[in-house]
Structure formats: C-alpha cells, structure tokens
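If you read the sequences in order, they're chains A and B. For the first sequence, position 219 matches number 219 in this note's numbering, and the numbering has no gaps at all. For the second sequence, position 542 matches number 542 in this note's numbering, and the numbering has no gaps at all.
None of these hints come from the bench; they were simulated from the model. Each hint can be trusted.
Here are the computed lysine to any residue pairs in the SDA-like style, where the Cα-Cα straight-line distance is at most 25 Å: (1) Lys655(A) - Arg276(B); (2) Lys273(B) - Ala257(A); (3) Lys222(A) - Ser175(A); (4) Lys93(A) - Val462(A); (5) Lys228(A) - Lys268(A); (6) Lys234(A) - Thr270(B); (7) Lys654(A) - Gly218(B); (8) Lys268(A) - Asn157(A); (9) Lys177(A) - Cys140(A); (10) Lys499(A) - Gln388(A); (11) Lys230(B) - Asn205(A); (12) Lys10(A) - Asn631(A); (13) Lys234(A) - Arg276(B); (14) Lys162(B) - Cys63(B); (15) Lys148(B) - Val128(B); (16) Lys268(A) - Asp269(B); (17) Lys314(B) - Asp26(B); (18) Lys28(B) - Arg67(B); (19) Lys655(A) - Gly218(B); (20) Lys655(A) - Val262(B); (21) Lys269(A) - Asp269(B); (22) Lys269(A) - Leu227(A); (23) Lys268(A) - Glu188(B); (24) Lys228(A) - Gly251(B); (25) Lys146(A) - Lys222(A); (26) Lys230(B) - Ser270(A); (27) Lys228(A) - Ser270(A); (28) Lys203(A) - Lys230(B).
Remember, it's a predicted structure, so these values are computed and weren't measured experimentally.
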Amino acid sequence: MGDFRVHRVKFYNYDPTSKAINNLAYSSSNARLALSRSDNSIEIWSCKDNWLLEQTIPSEPEHTVEALTWCQDVLFSAGLSGFINQFHHENFKKIRSFPCDGGSIWCLNSSHDQTLIAVGTEGGSVSLLDFLEGTIKFNCSLARQKHRIISLAWHPNDERMATGTIDNILIWSLSQKCVVQSISLPRESPNKETIVWGVRFTKDNTLISVDSSGYTSFWDGKFGTLLKNFRSHKADVLCLCVDEEGNRVWSSGVDPAIVRFERSGSDKKSWKQVRSIAHHTHDVRSLALVPDGILSAGVDNVLILNRNKSDSYRKLLGFPQQNLIHASNENLVLFQYNAAIELWKLGTAVAKETVPPGDCFQLESDPRLLLKLQAADEQSIVCSAISQSKAAEPSGSIVWVAYSSADELAIFWIVLDLQSVPPLVDVHQVTGMPEEALPAVSLVFSQMWEMDNIRPRLVCSVPLDPAPTQGAHLLSVTHDGKHFAVGDHDNNVSIYRLKKGRILCTLPSHSCQPVAMCFHPTEALLAIAYSDQQIVEFDYHNCSFSEWCRRVSGHFPKFWLNDRPNIHSLYYNPGNVQQFIIANHQHLTLLDKTEDFPPPQMKQPDDDKPEAFHTVSRYQYLAHVEPLEENELLVVEVQPASLFSKLPPALPQKKFGV
Amino acid sequence: MAASAIGVRRIAGGNLISAKPFISNDSKYIICAVFRNVFVYSTETGEIVRKLFGHENEVIAICENFRNKFQVVTVDSAGFIFIWNYEDGMAVKRITTNIEDVCFAHCHPSLPSLFFVGCKTNKAQVAVALEVQWELNGNVSVKDLYLKHVSQSGVCFAIDHKGQYLLYVKHEAFTIVERASNRCYWFERTCYGKRLESFVCIAAHPSQAVAATGCKNGRIYLWYYDSVSKPVSTCFHWHTSISDLCFTAEGGFLLSGGIEGVLVRWRPDTARKELRPRLGGPIQWVHSSKDNTLYATCHLENCIQLLNTSFTVKQIIAEFTLPYLSKQRRRILNTVGLHYDPVTGAVLTNGKPGHVQFYQPRTRKMLFNLDIVCQNFISPSDEDLVYTELSLVALSADGRWLATVEQRNDGVTTLEHRLKFWGFNDVKQEFELNTKVVSPHDQSVTQVRFRPIGATTDDAPMVVTCSADGTFKAWRLEGDATKQRWLCAHRAYFRSDMAATDCDMAEDGSLLAVIYGNFIAFWAVPQCVFKTYLAEPCQHAFSQVCFGRTRARHLLVTASSNAVHIWNLLTFTPVAQLLLSITHLAANPWSHEIALVTKRNLLAVLDPCLGQVVVTLPNPPSTSAVMAVMFYPRHEQRHSSSPELGWLNRAKLMVLDQRGSLHAVDEKFEQDEGDDDAAPAWSTMTRRMPENPIMNALLHPVRKRGAGLDADDDERVKSRHDAARKKLLDEMLATPAHCLPAMRTLCDFFLSAMLSTKSAQKDTTLSLSDTREEDDDDAARTALHREEDADDVDLEHPDESAIDVSAMDTTTAPPALDTSFVSKEYLQSLLDLQLVL
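The whole structure should be built from the sequences, with the hints applied where relevant.
As structure tokens, this is what we get:
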C-alpha cells in the first residue's frame, strides 16, 4: 500500500438545486431509463450497465420537460411549451418537435400496444397521436374538459383511459370517444381543490389514484365506486406505480415515504397498506418499475432502487458519472460546471514536513481561483480538457484549456505568471477553428504545440471502427502521444495509431460498457474498467490481455462486484506502476497487481490480511480522483452534508426525541 | 425445641401477573393467578370475591370453558386441569394429564375440548407443542403436534379464528401450521433490508385470517394470510419494545403494550393509533374483555389496571409492588428496609422507582405508593438509565413524620442527593412535603433516624442523619403550628477522616450512638454533647448498632464483620460476644429481643439480657436472600403457648426477601389470616354457605372412588372419615331442629350414616390415635386431596352431580364407605384442633 499526500478538495461547487429529478421513464425493451431534471436536461441511464449514466441531453431554454414516455424504444418528452420532442432511438439526438393543440402539456403516456400516445394539456383536452413507422401523426382530440389534465393512464387493453384533473377523475371509452364514468373527489376544505396527481389502471379494471390530500384510493373502474382508500401520506401524493400483474402498488410524494399496497383476501379484492419505506429525505417526484424493483427519485437528487425480493435497497447518486474535473501538473485543476469552467491552483503544503498518516498538513498557500470561463450564450458544456503546463519565456507558464458545448468546440491558451505582482493570467482563444472541428463528447490533449502563429489545423480525422451506433464516450491518449483508445456505448474499445490515423486493434468484446480507461506510462498496456466492475489490462503490442489480467480474470471477490457505483477514475499509480488507483463515488481503492486476490466468495474486505484491494471509504461522494506528480493525490469531494444544506426544505417530520 | 413451633409463611409479594388474567364474559370478574392460587376479583370494586384453591403447582393459563360460559379452566405446570365455577367459587372437576413442565396452554372457542400445550424441553427457551383433548369424564388423550421448536413464552403461540391453523413465532420466523395436514409455512421480515426482525409475541384476529406479531424492536406486523403460502404483511411502529398484543373481541382494534407503560390501540385497517400514556410500569400483558367494555393491562410492578374503552382507569388491582426496575437491570434492589406505620398499620418499603409503598398486611392490601422523587419515570431503553432512587426512609414513632433520602449517582456527574421531610396531613389523610434539603451532607447520607419520643421533657421531633463525610446532623422541627419546618440544629463529628456509617438512639431519646469505623461515639441528645466512645476489641469495623429496648435498655448491641457484641452502657464494658457475621439487625420496640439475619440467610432472635440466641429458624424463609427484617405489632396481644415464644406475644417478625416477597415469622398454629403457602385445600361451596355440617354433607355427595388409590391410603382415609362421621352425627343431633333442612332430604343420609362396616368400626379408634401421632398432617392432606378426584359438582351435568345416596348402601356398594361425608375443611379444622389439644 502506498502513501500519498492527498489534496482533499472540498470546494467543487456542485449545485443540486437545479438537478431535482422530475420524471422517470423506463423502457424494458432497451433497458434504458430516461430521467428529466428540473433544469430541463434529460439523462439516459443504462440499466444493464450497473445504472451507467450514458448520455445527457442538454436542456433547451424554450422547452421545459414535464413528461417523458417511451414508445417503441423512442423517447418522447413534452412540456409547457406545448411541443412534443422526439429523440433518436440510438444516439438520443432530438429529431423533431411536434406541436400539440390545447397549450401546455402536463402529461404524456403511450398505450400498451405502443401505437398511440395520449397527451393531457392545460386546456383540458386529451389528444391522441398515432406513432407509426417512426413518425407521429395527430389522430384525434377527446372532448375538452373544464380543468387541466394532470395525469392520465391507459387501461391494459387500451380500450379505456383514465384522466386525473382537479377534483375529478374521468374514465373515457376510446371506441366511443366519450366519458363513461366520472368520479368526484372530496375536498379537504371547500377552498382547497383536490388535485389528482396520478392515476393507474389494472387488468381487473381497478383504478388507483393519488391526490393532493394525501390519499391513495382504489376505485372500481366499471362503476366508479370506492373500494378502499388510505391516508397513506401526510402531504400530497405525487406519483404512483403498479407492477405488471397489478397486485402491488407503490405511492409516494411530498411525504417521502414510499408506501406499498398489496392485494389480499381470497378474492384478491381487498387492498392492504403493507410497508412504508422512507429512504428519501425530500419529495419523491417519480416512481418507475424496473426489472428488480422500484426506482424512486425526487428533489434530493438521489435514485433509490428498492428491491422487491429482499426488502433491501440501493442508493444511486444522481451525480454526473463522467469526469468533470481534470488535473494538470503544477497543481492546476480544471473544474467543469454546467455553463462554465474554472481553473484553480491548488494549495501547497509547508515544504516536505512529515505528519503522521491521517493528519493534515499545514498549508503554505491557499488554493486560488485563477480563471472562470463562461460558455457563450449560457450553453451547457459537454466536456472539457486541460493540457500539461509548460514553462514559458521569460517567466510563468502556458497551459491549454478546451471545452466543447453541444454546438461548438473552443480552445484557449493561457499564460500564467503567479509570481509577478499582480499575478498575470492572460487568456487567448484560438480563433479560426476549422470547419471539421465538430463539437466533441470527450477531449484529451496529447502534445504541446509551439505557441507562436497558432493556426488550428485538423491533423487527422479517424473513422471509428466498428462505427458505434450510439457514439463513443471514452477517449485516452498514451503519454508519448502515439496511440489513443476509444470506448463506446456498444461495449467496444479500440486502439488507434495517432499518426497514421488507423486502427491498431480492437479489444475482445465485453458484455457491458467500459466506464474508465488509462494507458500505462511506459509499457504498451491499456487498463479498462467496465461497468460490471471488472478491470482488464490489454497489451496492444501483442494484441492480447496481459498476464496479470488473465490470472485474475473471473477471480474478483464478491464485495468488489456487488452493488458498487460505477468506477469513474482509473489510473496507474505513477509512483508504483504495479498499482491501480480506482475510485467510484464512495470508495477509493488501491489495487496491487503483485498481491493475491482474496477468495471470490468474500463479502467483506479483510483489513488485516495483505490483499490486492486496499479500500478507503473515508471520503464521501468522491467526484474525482487523480494522481498528481510526486506521490500526490487529488481527491475532489462533494460532501453529503453540503449537498443536503443546498436542497430546498423538506416536509417537516416529527422525529422521536428531537 | 421452640423453633419447631415457629413457621414462616408468605403474606405478600405473590406475582399477580404470572399468568394472563381472564375477564369473565359479563365483565363482572377478572380472574388472576397468584402462583398456585386463583383469585376472582370484582371489576367494580377491585376486591377479591372468590379464592379458588386447588392447584399444587404454578398456574400457567386461565381460559374460558367454551362448553359452559360460566366456568373457567385453569392449567398448572404439572399438567393438571381444573374446571371452576367462578361465580360461586366452586371446583367442578380436576383432570389429570400425564404432561409435565407445561409452560403455556391455549384453547379456542371452536375447539372446546382441546388444549394446545407447550412443554418445556431441556433446551433453553424451547418447548414442544402438544394437543390435549380432555373430556369431562376425565378422559384425556395427548397428540404430539411435531412442533419441536416452539418458544416457551405463551404469547408466542396463537390459534387462528377457525381453529384451522396454529400460528407461532420463534426468533426470526413467523410460522403457520395447518392442523389437518401438519404443513408448515414460515416467513421472515427484514428491517430496512438489513437485519431480520426478531418476533416476541403474536395475536390472532377473532374473525378474520389476520395475525399480529410484535417484534423486539417494537414493530408490529399484521399478516393477512388468506393465501397461507403468500401472506401480505403490514408494519406499524410506535413502541420501543413490545411485550403483548391483543385483538378486541370483534377484531376492530388491536391493543399493544410494551416497556413504556403505554397502551396503544390501533385500527388495523387504517394504521391509526390512540395512545394511553402514564399507566405505570412496563406492561406485561394486555387483555380485552369479551363484551369490549374493559381492557386490562398487567404491569410488572404487580398490578392490573382495568380501563374502559375511553382509556379511563376504572379499577386498579394491586398486590405488593415488586421491584421491576431491578429486574430489568438485573441488580439487587436498593431497599430502604421495612418500617411500620402506626397510622395505617402498614408496612413501608420500596415501591415503584422513587416511591414508598404502604402495604397493609392485615388486610393484604397495597394501600398506595407515595411519590418521593417526583420525577417523570423514563422507561428504560437499550442504554442503562440512572434513576434517582430512594436510599433511606425513616418514620417517626407516632407516624406523623416521614424522612426520606433520595440520591442519584451515575458515577460521572456529582452526586445528587436530597433529604425530604413529609408531614401527615390529618385533613387530607396523606403525607405532604414539608421541607426539602438539597445536599444535606457533603457526601452520601448513610443513615437517618427519628429520635424516639421518650420520657424527657423536650418532645419536639428530631431527626439525626449521618453521612460518609464523617459528620452527623441533628434536624429539628421549628416554627409555630401554622408554619413548621425542619432546620439543622446541630452538626458534629467524632473523627473527620472516618465515615459515619450507622447510628441509633436510645429508647428514651437521650443518647445517640454513631459508628465510626471500629469506634462507636456517644452524644447526649438533644443538645449533642459528646460523651464517650467505645472501640471494637479486634479492630474490626462496626457495621450496625442497636440500643436494647424495654428490659434491655441498658444494653447496646453492635455488629461487626464477624461478631455481635453486647455492651453494658452503665459500665461501658462488653457483656457478651457472639461469633456471628450478620447482615441485618432489628430491635423489637415492644419487647427486648433483637432479630438477626446472618450472612447465610438464617434468622435468629437474640435476647440481649441473656446474651444468647434464643430462637433460630433453621429454614430460611425462602431461597433468595433476606433484604430486611422488622417487628410488626399484633392488633391484639396474645399469650404464647411456650415461654420461649414470649417475644411473639406483642409482635411478629416480618422478612422481606430479594424477590420482593414479604414473609411473616409466627407461631405455626395460627391460621386466622390465611396462608398463601398452605397446602392446597379443595375449595367448596362451604365458604359461602353457613358453616353447618349438614350443609357440608349435603354439598358433598357420595361419589364412586376413582381408581388409583393404594390400599394404605384407603385405610387411613376410611378410618378418618368414620371418626369424623361419628362426630358429625353427634353434632347433627345437637343442632336445633329449626336449623335443619327438611327431614325428608335428610332421612336417607342420616340413616345411611348410622351404618358402618365391621372393619371400619374396628379401626376407628386405632386410626384416630395414629393420626394424632403423626405430627405432621401432610399425609392426611394428600389423602384428602386424592379423594377429590371423585368430587364433581357440575351444574350442567345433573346426572353426574346428582346425590347418589343409593351408593351408600352397604350391600350394593361396600366401598361407598370410603367416601367423605364431611367437608374437608371441617375435618381439617377438627384435626387441627385435636393436634392442638
């Protein structure tokens, strides 16, 4: 185990307030989860890849996202602009916007046979859209009602539909295009209207509704009579979810307990409130049924997977999973935010004093913000990069910084002289970018250019082989700049020669996506971490897995494979290349290649025995980990307490003894 | 030897809640078991209405007899089943099963002849479940249910509403067993997906397929097991720890109780709850009456509270308060000793935490608990809580003033201790706080004593407290009649480096003796003038000191770690030394004897004038250690049969043991106050009927004898009965004619009573003398007891209970002579009389 001098950075200012999760939509056919946030961005998570955040669709200021739905593996979103957005089924680029009459859209739902999409609007009308051969067409509009349509649900046979409005639930017959049943809900007080936040139908024609008075109600769908209602929550119930057989129902809302209801009785007609799980701290806005349980998410920016079988749960942080932080030499760190990048100089400790392990060094100089670059037109930044800094004449240094938004790629060179008074920070943007320099999803600097007469030129454009259907997301360059590797969403990793722009080799296909990779500093080795927590080392000269990789393949212990967040940082330890530095949101691990693996059945790491895995879970919510020079380690933390303090107030709960 | 004439019997402290009580169908009575006795209390008055004696072993369960709503069935640990008519206090039937070590028994309305019984196994906490079928004719068949791992606690077992399924919980599993096929289904629940829940109790819904299980961490799970293989469960949570659950009669509510002493009423379908806090100590059982008008909560402090449906306490049935706190913490009870209150005639000792209880042995009633510390009791949770506890109590001789010392020492913060003086208010008839002294000494107070009201002129009450800081303080009541308060009048010490550990004052209140290690220092009171001191000859520290009373008022008795010394106060020289190591010392205020308790738990009475132990009680009153002794005055003086027992003339000795039971040491023949430890007597109607031998004879019809009596017993019983019958005939002839029932009903019986076999006649005199020789009457009792097998008075079965007079005919049924004509109790009293004479 190595000793590091750790830069424990806590000033990465991640703002969770605009990141509240409003909608969840799960498509079982392509195992993708779409979620929308309150900043109107949409994220695509892959369920098969250990809930890997695959893609973020940046927000568009003119389109809010109020509802999401999948139809034939195509994602649709709708919002208060009154447009329905259709996204490409593979790369999730927006294909078209379809206007819908009736004004702002509150809800959107596709029929069970995936041919119709129903849209509920502010104006009180329900529009039905045909989705055939990849295009949507307006079909018809149902009779306009007095109030806005807040929620809607299809009956499993697609013949009926229920819509929830203010104080009312309407049941429609789609063959007759008229209301066949209207259920009025009582008001708690005469002036406070009851909003039906969610409705669902089950196969046996039971209608389930949740409303703003805290009730979860079960109705007979044919006669509109109340079967049973539960005052399950203390405040608004916002969302509801039914399993496929229609035997279990979950509901949650402003009172963040997720309450489960089950059928009981010999005739399966009576409903019982079964269990209440309260893992969320703030409002739960949406629930989704996923293969092994129920996924819930809300204002507290956390996804919780409640498993059906074992009553256990898993917390998935709603945190970006790609690298937003990049380090350079001379303690320079680049932070990427939603619409800005920041360049920081880390603090330095008092020269080489020794402290006992675990203690703090005294800082000689504090960390300082050198530069903040705001993206043009408040565009969302997709990726960024920083080069190694290089001494410049007569004093100071030069460092290159680049970022890419959804529309453009920007490169800057910055002259820094921190010794001079006042400190010199000179920023120059590279102008005249060639036409071929398209916006990027991943950027890496490989070599230093000379800085006079900058004329950006596209050196080469390498076609990816095999061409990824969903696009690449990982890029890494060797230290000598001769080779680079690309990982894509189709689980492929390929290595290319940079100069010739040709493929060198492609790694054997893996069952899930790569999540992090890095090159060996000196040898022809590439280390890749996959989303199933496997670490692979590939020798690209011999086109084979390294000897270590073959030895350990399939021997990773249980505690390593089970229920861990995806790895976001993987590096060779520069001080000892026999070690990997691996980090996810919760664990920082040093993997020693020379030591033996523990037995595969092991569920808990044994701290006493020297083993290959040395895990530290002292740092919470690790945003980034990267080795710096001279045995220094950069650790960027986003502390749970600071995240919690930035969230809006939650429903006050009485706690015993407080 | 005098000791043989002395007996120890328990007079209070029986566990009222050892079995779950039963409320009669009309909610008029609540039936509770105290060890092997069953008491019928009225729910209106809280008084004992009937006493059902008969069990020889601890009663385990009280159930309704579902064949006759006016009867209860009790099961004891040796497997005997008794059927009682609780309305008239009459035993109907005793049924013997061959089961032993019964730990629970349950029955069910739809299976009136079945008992589901758990038998202890040699494994800890594990019982085997059996199905016992009994009939009124005494036939019993036992069927093994093949459930080998049932919990020994009765609350872990239940039967569903139809009697189809057996439900039980054990550790982490809830099990449903189908009775017809013996098929088991078991389920677990996890708590937040981490640990498995550990179940502690279960209750079955009376009309639906619903079971409620309580967990160690206070959660309640409701299981809807319509489909047995896949029950749906709901969780409620309020308690920190649950001890019992109960559905109301219709199943509309679920009652739960736990360690907090709060009764919670849940509506199972909506999970709404209503709370009834501040009921007292931790709740052990919860019970609901059949007509839904009463809830009964049984508390560990040995009381049962009856609440109506609006949660108002209607009646409290309380026995001698048991130290439940120490049971929780497995720590010896910090007893304040026993004290006598002359106003109420009650015994004072520790009650609930921070309370003094007043218990009246004469009426066997718990009068009240006086709250001394006046602090809200926080129910103990996982961590050990430190309470303010009562450490010392003293009561003035006239019972008008009470001094208490309470302290809280958690070992972390500074010691908190308070001295409180309570005056008796004649108008309100209760003690009121008069003076509170915070930190009366620098260190903890070791003894507090009232000055006896003696012959001296100064009669103002005075209290002496001595402390571990080496000083003692004299407190005096000052002020006029309208406003009185206690003030410190004197403070003195003998050696400041030594702790004052005990003190006592002479009978006339003129001399105070305080122990300082191996010295005893004397002061003249009330002025507190130092007089002299004594030193222990072997340098052992004194532990207790006691002045002699009445005839021995010139003597001082001291105890050190290995010896008891008697000193003459006139010469200040030791008179006698007894090599005894003792733990307690109590002077008899009405006589000169002093009671001692040795380290080996032996009771002895010391006569200081003779300088020797006059009586030792070889048998300790119970197996647990003696916590305190006290002399308790008789309400009327009596004259003892032997001169050695003269000390019992005016007072008897009371002993409190570690289990919280109060025992009385008294002469053995005394039977007037009832005896919990007495051998079981077959209870009959006689108690309610005029004590008339004719009535007794009529009430006990002639029965055929049950098989199983050996010949030896037969003979003895026969002879005894013949003798008794002779006596009875004499009395019958002596009874005035107008008191007798109609001659028509008596005739047959009278005539047949005159008949007797030859052998019986021959044996009569002989066996009578035999019995007399047998000093102990145990054998007679057992013989009588076995006899009772044949007795059966069942109102529902007139055929069986009919008075079978024809059986008396010698020609047709010779063994009929063996049967008893007389009430056992009557016979008993006769025998006792003979013994005394």
